[in-house]
Amino acid sequence: MCHSSHCSVSFVTDRGSEQYCTDYGETAVCLAIPGKILEIQELGQMRAARVQFGGIVRQVSLDFVPEAGLGDYVMVHVGFAISRVDSSEAERTYKLLQEMGALEAEFPRAEP
Amino acid sequence: MKYLDEYRDQRIALALAAEIVQRTARPWVLMEICGGQTHTIMRYGIDELLPRGIELVHGPGCPVCVTPLEIVDKAIELALRPDVILVSYGDMLRVPGSRSDLLRAKAQGADVRIAYSSTEAVKIARANPDRKVVFLAIGFETTAPANAMAAWQAKREGLTNFSMLVSHVLVPPAIRALMVSQTNRVQAFIAPGHVCTVVGCKDYEDLVRDFRVPIVVGGFEPVDILEAVLMLIRQLEAGEAKLENQYVRSVSYQGNLPAQQIMAEVFEVADQKWRGIGPIPHSGLRLRSEYADYDADRIFDLRELSVDEPAECISAQVLQGLKKPTDCPAFGMRCTPENPLGAPMVSTEGACAAYYHYRRHTVAS
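Going line by line, the protein sequences match chains A and B.
Sequential numbering from 15 applies to the first sequence in this note's numbering.
Sequential numbering from -8 applies to the second sequence in this note's numbering.
Think of the hints as simulated: they come from the structure by calculation, not from any bench.
This structure is a prediction, so every number in the text was calculated from the model and none was measured.
C-beta atoms are modelled at their ideal positions from N, C-alpha and C, and glycine is treated no differently.
Careful, some of the hints might be misleading.
Over 10 Å on every C-beta distance to chain A, these chain B residues come out as not near it, computed from the model [claimed, not checked]:
#  : residue
1  : K(-7)
2  : E(-3)
3  : A6
4  : P136
5  : N175
6  : Q178
7  : A229
8  : A261
9  : S297
10 : E303
11 : Q308
Not the full set, but computed from the structure, chain A residues with beta-carbon under 10 Å of chain B [as the list claims (entries may be wrong)]:
#  : residue
12 : L45
13 : I47
14 : P48
15 : F67
16 : V79
17 : R98
18 : D100
19 : E103
20 : R106
21 : Q112
Chain A extracted, bound-state conformation (with noise of 0.2 Å):
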């Protein structure tokens, strides 16, 4: 199925061939996931993307992100890019909780 946050996990094929999602059994209607883009397409008057989520390749409309480009990761919802992932602040805010959890390894609180 493919649905939720959870589309590529149970999707993840052999990573040489490429595979479109076609299991449309469940949409969630809020959910949005990110995915790495591939190929810019420019269709007509539309510009679009093939974007990749773990194993799977879908094509995304990059109408709303006009500013992705190769190789960004962009939040895609109902196949639309809803914007491009912040690397920096991604990294920033990640390094952050990492090093909390560093830390937390080194001197562990004992349970409440």
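Since chain A is already given, all that's left is putting chain B on it; use the hints.
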């Protein structure tokens, strides 16, 4: 997968949970608005990592759940017309109307098709000029730009056989309604990250100011939820009320401007009925008069019926965070995802479905 796996890192999640435990001195009631967040909480047992005093109540942010019964009935009525192809997002198909659902209509011969994206509905209209294609355009602000794009495309191409049955809801008026309600217990909110990705943070700033309630815009992975809870607890314990953004990798203050532009071009704000909750002023979107030719409600002569929910279903209280799905006597017995009494048991974003998938065994024991 990048931007997913690291936000499911158990070590970080446990560190955040420990920090929350340390910071929490008093009991607090927090609400996550979005059903996607509810599912993450249940799936990863995040509520069980929190101190006993912190209660997470689940909000109304499940688009399928709050789509009025009357819209489902109208969609079924349209789908059963031989000249109509009804196109819908997948999770609407099992949602019960007053007598039937779209899946059953399909089994009776109705031409009901599932689309992943609104633009597929436009494609179907192009390919079937002799049929009337109706797209069931439901959703929150996250989905509104995509649905608006379908109407915009159809108008630009001059398609005469495409229309939309619109049922769009907006989050901030619903939070406002919750806050002024006599029964409200919620002291802080995790705002929906994907809604804010589209519309930005301005409206939430207004809510913080008007109700002095802490709001953190949050993401959808376990680490996102825990970090958002920690940010809220810090505020609550310090007696502060601020708008903060946990989901910085996707949400900016002003939101997505091209998406807001197409939304404003196609839709306008209108009063809206929420399934289980009732009417909330200015809480929905309808097509602008320039798009009247694409409004299924105007094109087709549809009956305006007001229908009651099944008496046994407590989805109204569940959607307002007043009851947990497991408080319902029908839960898991007379109401299951296969045979749902109410919409929250159907949707991948519904609270009842989340409890059913991840908690029904612990509940039973």
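Outcome of the hint check:
no.: 1; hint: K(-7); verdict: violated, 7 Å
no.: 2; hint: E(-3); verdict: violated, 6 Å
no.: 3; hint: A6; verdict: violated, 4 Å
no.: 4; hint: P136; verdict: violated, 6 Å
no.: 5; hint: N175; verdict: holds, 23 Å
no.: 6; hint: Q178; verdict: holds, 21 Å
no.: 7; hint: A229; verdict: holds, 19 Å
no.: 8; hint: A261; verdict: holds, 19 Å
no.: 9; hint: S297; verdict: holds, 25 Å
no.: 10; hint: E303; verdict: holds, 25 Å
no.: 11; hint: Q308; verdict: holds, 21 Å
no.: 12; hint: L45; verdict: holds, 5 Å
no.: 13; hint: I47; verdict: holds, 7 Å
no.: 14; hint: P48; verdict: holds, 4 Å
no.: 15; hint: F67; verdict: holds, 7 Å
no.: 16; hint: V79; verdict: holds, 7 Å
no.: 17; hint: R98; verdict: holds, 9 Å
no.: 18; hint: D100; verdict: holds, 5 Å
no.: 19; hint: E103; verdict: holds, 4 Å
no.: 20; hint: R106; verdict: holds, 8 Å
no.: 21; hint: Q112; verdict: holds, 7 Å
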